[in-house]
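Asker: On the provided structure of chain F, position chain B as indicated by the hints.
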Amino acid sequence: MSTATKDRKTSTTTRRRTTSTSSKRKTANKQITLLENKFESALKTLEQAKPFAKSLYQTDIFHFATDLAATSEGVSIIFKYAHLFDQAGVFKDGEWEDLTKLQPQFVGGSLRVKTIYSIIELLSEMRILAIAKETYKHEEFTAEDASKFLNEVLALNLDLLTLIETQDESNEPEDHEIRAFNLLSYLGQELSFKAVADQMVQEIERLTVQRPITTNRVLDMIQTSEQLKNSGIDDNTVGILEKFGRATNAPTPLSLETSDQREYRLRLEQASEEELIAEAKIFADSMKETGLVSPYHAVLIRFLNRKNHEIIPTALALTEKGISGFNDHNKLIHDMIQISIYPETRQSIYGLGKMLDRGVLNIEPVIPGIRQLFELPVHAEVRKALSKFVDEQSGISINGVLVAGLISVLGQPLGVGQGTNPICQSARAISLWSQYDIERLLSFINSAARDNGIEMTFEGETINSTLLIGGVANEINQDLDPISVLLVPHLDKIYNEMMKRTLLRGEDGHKWVNREFYGEWIPSGFINAIDPFTLQVSNYSAFVKLFYATHHPDYNEGYQLIYPNPVGIFITNVHGELLGLHAVSIQRIDKDPNNDIRIYFYNPNNDSTQNWGQGIKASVSGFGELEGESSLPFHEFVARMYAYHYNPYEQGDTFMVEDKLVETVETLAKDSWGKNYVWE
Amino acid sequence: MRENQEKTTVLLGWSLQAIEAIDKLDRPFVVVGPPEFTTFAEKNNIKLIPWTFDVPIEQSFELYEILKELNVSVAVPIYEETVEWAGMINSLIWDDPKVFNKSLLLRDKGLMKRRAHLAGLRVGVFEEAYNKEDIYRFFKRINQAFMKLEGETFEPIHVKPFDKAGTVGHYMIKKPEEIEQIDDSEFPLLMESHLEGQEFSCEAFIHNGKVKFLNITEYVKLGHSNFVPASPSLEKWRPQIKEAIEKLVEGFEVKYGLLHPEFFVTPEGTLYFGEVANRIPGGHIFEHIERVYGFSPYQAQVLCCDPETPEEVLNKFFPEEVVSAKGHSGNLMIYPKVNVISRLEIPTELKEHPYFLKHNMFIPTTSKVSERVGFGNHYGSIYFLGEDSEVLRDLLVKYEKHNFYV
Numbered sequence: 001m002s003t004a005t006k007d008r009k010t011s012t013t014t015r016r017r018t019t020s021t022s023s024k025r026k027t028a029n030k031q032i033t034l035l036e037n038k039f040e041s042a043l044k045t046l047e048q049a050k051p052f053a054k055s056l057y058q059t060d061i062f063h064f065a066t067d068l069a070a071t072s073e074g075v076s077i078i079f080k081y082a083h084l085f086d087q088a089g090v091f092k093d094g095e096w097e098d099l100t101k102l103q104p105q106f107v108g109g110s111l112r113v114k115t116i117y118s119i120i121e122l123l124s125e126m127r128i129l130a131i132a133k134e135t136y137k138h139e140e141f142t143a144e145d146a147s148k149f150l151n152e153v154l155a156l157n158l159d160l161l162t163l164i165e166t167q168d169e170s171n172e173p174e175d176h177e178i179r180a181f182n183l184l185s186y187l188g189q190e191l192s193f194k195a196v197a198d199q200m201v202q203e204i205e206r207l208t209v210q211r212p213i214t215t216n217r218v219l220d221m222i223q224t225s226e227q228l229k230n231s232g233i234d235d236n237t238v239g240i241l242e243k244f245g246r247a248t249n250a251p252t253p254l255s256l257e258t259s260d261q262r263e264y265r266l267r268l269e270q271a272s273e274e275e276l277i278a279e280a281k282i283f284a285d286s287m288k289e290t291g292l293v294s295p296y297h298a299v300l301i302r303f304l305n306r307k308n309h310e311i312i313p314t315a316l317a318l319t320e321k322g323i324s325g326f327n328d329h330n331k332l333i334h335d336m337i338q339i340s341i342y343p344e345t346r347q348s349i350y351g352l353g354k355m356l357d358r359g360v361l362n363i364e365p366v367i368p369g370i371r372q373l374f375e376l377p378v379h380a381e382v383r384k385a386l387s388k389f390v391d392e393q394s395g396i397s398i399n400g401v402l403v404a405g406l407i408s409v410l411g412q413p414l415g416v417g418q419g420t421n422p423i424c425q426s427a428r429a430i431s432l433w434s435q436y437d438i439e440r441l442l443s444f445i446n447s448a449a450r451d452n453g454i455e456m457t458f459e460g461e462t463i464n465s466t467l468l469i470g471g472v473a474n475e476i477n478q479d480l481d482p483i484s485v486l487l488v489p490h491l492d493k494i495y496n497e498m499m500k501r502t503l504l505r506g507e508d509g510h511k512w513v514n515r516e517f518y519g520e521w522i523p524s525g526f527i528n529a530i531d532p533f534t535l536q537v538s539n540y541s542a543f544v545k546l547f548y549a550t551h552h553p554d555y556n557e558g559y560q561l562i563y564p565n566p567v568g569i570f571i572t573n574v575h576g577e578l579l580g581l582h583a584v585s586i587q588r589i590d591k592d593p594n595n596d597i598r599i600y601f602y603n604p605n606n607d608s609t610q611n612w613g614q615g616i617k618a619s620v621s622g623f624g625e626l627e628g629e630s631s632l633p634f635h636e637f638v639a640r641m642y643a644y645h646y647n648p649y650e651q652g653d654t655f656m657v658e659d660k661l662v663e664t665v666e667t668l669a670k671d672s673w674g675k676n677y678v679w680e
Numbered sequence: 001m002r003e004n005q006e007k008t009t010v011l012l013g014w015s016l017q018a019i020e021a022i023d024k025l026d027r028p029f030v031v032v033g034p035p036e037f038t039t040f041a042e043k044n045n046i047k048l049i050p051w052t053f054d055v056p057i058e059q060s061f062e063l064y065e066i067l068k069e070l071n072v073s074v075a076v077p078i079y080e081e082t083v084e085w086a087g088m089i090n091s092l093i094w095d096d097p098k099v100f101n102k103s104l105l106l107r108d109k110g111l112m113k114r115r116a117h118l119a120g121l122r123v124g125v126f127e128e129a130y131n132k133e134d135i136y137r138f139f140k141r142i143n144q145a146f147m148k149l150e151g152e153t154f155e156p157i158h159v160k161p162f163d164k165a166g167t168v169g170h171y172m173i174k175k176p177e178e179i180e181q182i183d184d185s186e187f188p189l190l191m192e193s194h195l196e197g198q199e200f201s202c203e204a205f206i207h208n209g210k211v212k213f214l215n216i217t218e219y220v221k222l223g224h225s226n227f228v229p230a231s232p233s234l235e236k237w238r239p240q241i242k243e244a245i246e247k248l249v250e251g252f253e254v255k256y257g258l259l260h261p262e263f264f265v266t267p268e269g270t271l272y273f274g275e276v277a278n279r280i281p282g283g284h285i286f287e288h289i290e291r292v293y294g295f296s297p298y299q300a301q302v303l304c305c306d307p308e309t310p311e312e313v314l315n316k317f318f319p320e321e322v323v324s325a326k327g328h329s330g331n332l333m334i335y336p337k338v339n340v341i342s343r344l345e346i347p348t349e350l351k352e353h354p355y356f357l358k359h360n361m362f363i364p365t366t367s368k369v370s371e372r373v374g375f376g377n378h379y380g381s382i383y384f385l386g387e388d389s390e391v392l393r394d395l396l397v398k399y400e401k402h403n404f405y406v
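In order, the protein sequence lines correspond to chains F and B.
This note's numbering applies: residue 1 is where the first sequence begins, and numbers increase by one.
This note's numbering applies: residue 1 is where the second sequence begins, and numbers increase by one.
These aren't lab readings, by the way, just hints derived from the structure by calculation.
There may be inaccurate statements among the hints.
As the list claims (entries may be wrong) - The list that follows gives simulated cross-link-like pairs (lysine-lysine, DSSO-like), each with its CA atoms no further than 27 Å apart:
1) K50/F with K43/B
2) K101/F with K670/F
3) K351/B with K38/F
4) K194/F with K133/F
5) K358/B with K38/F
6) K44/F with K326/B
7) K43/B with K92/F
For reference, chain F alone in the conformation it holds in the complex (with noise of 0.2 Å):
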């Protein structure tokens, strides 16, 4: 056992439990003010190198800090000098140099990191905790800004808080977890819990209105807000907080009186009939109104499936179409809850009562493929890439799981996410897929279920991604559903090789590769905003006034998006700088409460309320929104827009469409993503 490891153990029992002896504390107070004096002729002499040489001296300043955030009163004078970084150069030529350019979201990722950067992060909260406690003045970031960024930081990386608590004597946490910790208790202290709270909920809200399959960032919040409950934070705030924790714990009073799902289900064969009824009838209503799925549940539609047939409808919450496509497939029904629905799986219970009420089951082929899932015998690759989602206590196959993935797809296919892969072609695929081409989708999963392979073909040649090697995402991280898992890796190899073979071609590939991969549904007119050769912006007003005289119902003679429309567009941040190129798909084009035309998209990423700057944000509810809907108002989305498909057949005239229309589009694209290419 080295001493650095014993050193660092005794200065966080000494911050929990100040046991220590006195000759001790004083070697220590001694040690710290040393150190404080180091750090502070360092930034002195940081301050007066000329902004050339200031890379010289700032290692001294991060390593003095590395030390001093070993402890809390380190990171509390460490923040005596917070004011002064910027000014004496901590972050020239770095990262972290331009302050409004830093996002809340990234910070935890440095944080966890062992390197220099986890230092670095540290000292630009602190710089902007000193914007919030107003000791020092940023010209283009206020107080306010600062504390609601903090707030943000807080509230997504509460579980580091906890990450010392819990690990034990044989897993020690290692020096950038403890000035992690040490980071978020000061900022904890000094900011209010309450904001944080309030951030926590909205983030929370934000996410499950959308209602993704997957839901592991949400129940991971969930959890770490349940510390937050004891931190004084208003009334109406612990209420919400409490109701997301019932949900996706014990919502019934019979959930609650038990200890266990084994309890639990005892306790159900004593249930009476209208207690069975109320169980079934609160556990729906919280799922309708979280997205959330208790694991209790789950048990109840088990032993309902077996005992009480006749209240699954009311525990699925379902519409009277979904109670009228139940009654017509009683025996499938039972036996598709029968095979996959289990605690682990209890997310597709929400997804099985949308599917029912999508009316999913009438379509001829579907039922059959449904049941060729049951027995299909799965590749040996495939069922290690599955096995993830099996408790290896429980009873759930494989098939199980893919059953139940493909429910929830079915259910919810505007919650199908890319998780944080660039796999949003294929993600956007699964969800076209299980909206109009189930068929489609049903092979598919069957084929790479089996042979762990699909084939599809391209202008006449098939393309089997068992012989490809390659793709957009070399190494897809696993935070997605079933479904997702088993075909992403067969997609983009797939999508990737027709991409190829329209190489030089001397026009965008998606023009054709898109209707031969999402379906021949999609429309043959395509056009693209950049030149491919020239990789400049050409004839943009032409590409805005189709756009208008082809889809804005006040300019295309009327016709309708019948099939979504696999659009291409910039993803740009907060200040309207270019991020990268994404894939959404336009669902529908409407008027929204306001009667202003909107935009109606699904977004892959989950996570669609995004700034894109420019006052442009993408909004959730509020304005019309179908569940798993982004929508934003029609010219805002033309301006992020550089790709789309179009019926040549079905439009208006593009001289009908005003000028000035298109001006707006065009200067905010222009002054956003615009700024990367060469207009023409």
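Answerer: Just chain B now, with coordinates in the frame of chain F:
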């Protein structure tokens, strides 16, 4: 300090430390350095002539034409590779071809040793090697000369490239088999007999052929640790060392600039010459000099390179050697002893030692440790400052064995 206001000094090589130092001297300067610094230089108003030095020296005429326009009066070399470029540019500025030839002497270890020998310095036995056969023969002859019998331990020899800085490409050969490790592409090499004794380096600031300031840097472990000024046990040989330096100055006809020679001294005070360079030393030596003596050695180098610096300025610039030093400044360079780094462990005892100043070790972004070339790739250093050279030496020896990276 406003000397030589109208004429421009050119720094050959990019070093922020050197740029900062000359900027503080408040004299006009221009940097000749890699093109990748162009944006940075523009942003910070640093005059940069983008240049790569790995081209034939003949192209220095082209560089000289550019510099002439800027009214350049002296060129200062920053790196080993720019020494002959400085020689050439100064030859052209001062219209003295010999300046370039002298600089070549400092770039060829074989020539350098011969010249030192001729100047009356004690050197080991050395020869040039053009292939492995040469090394086998040299190794054999050295061991014959030592009258080594069969089965006895061999007398080791050293081989190194003619023109590389410090320890790059240096091998110590203890057995004939080890000769095979050397790749044919590394020839020609200089071979020399092993010298016993304590190794140290000097940083001598020369102006008008006179040693204006002589620092002695004591090596605790070559490539790992050193300190400034040397301990009393080494400083006691200062008169002999200074005499040797003066022989070098005379023999190499050095009039202006910095000499950075390495010597060995036996317990009896016999000095052996190792090699000499005409550039800024590595191993943080300049930082130590600045820390204990309070002057910038970078500025000292610039002032000494310029023939027009008045003597009074230099006399005022340099403090008295050894006695004016505020303690001994030393450092330990850290080389990870593991292949993959997972943690950094710095003992509290070390951090709390009154001699401990600071360190700059960090967990690198790629945890895999890169292979060592020379002593070039250390992963941070630990700095000490203290009164007693023995305490300092003990610290350097003790922590050289410690695993900071685990």
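Asker: Output the numbers, in ascending order, of every earlier hint that fails for this structure.
Answerer: none
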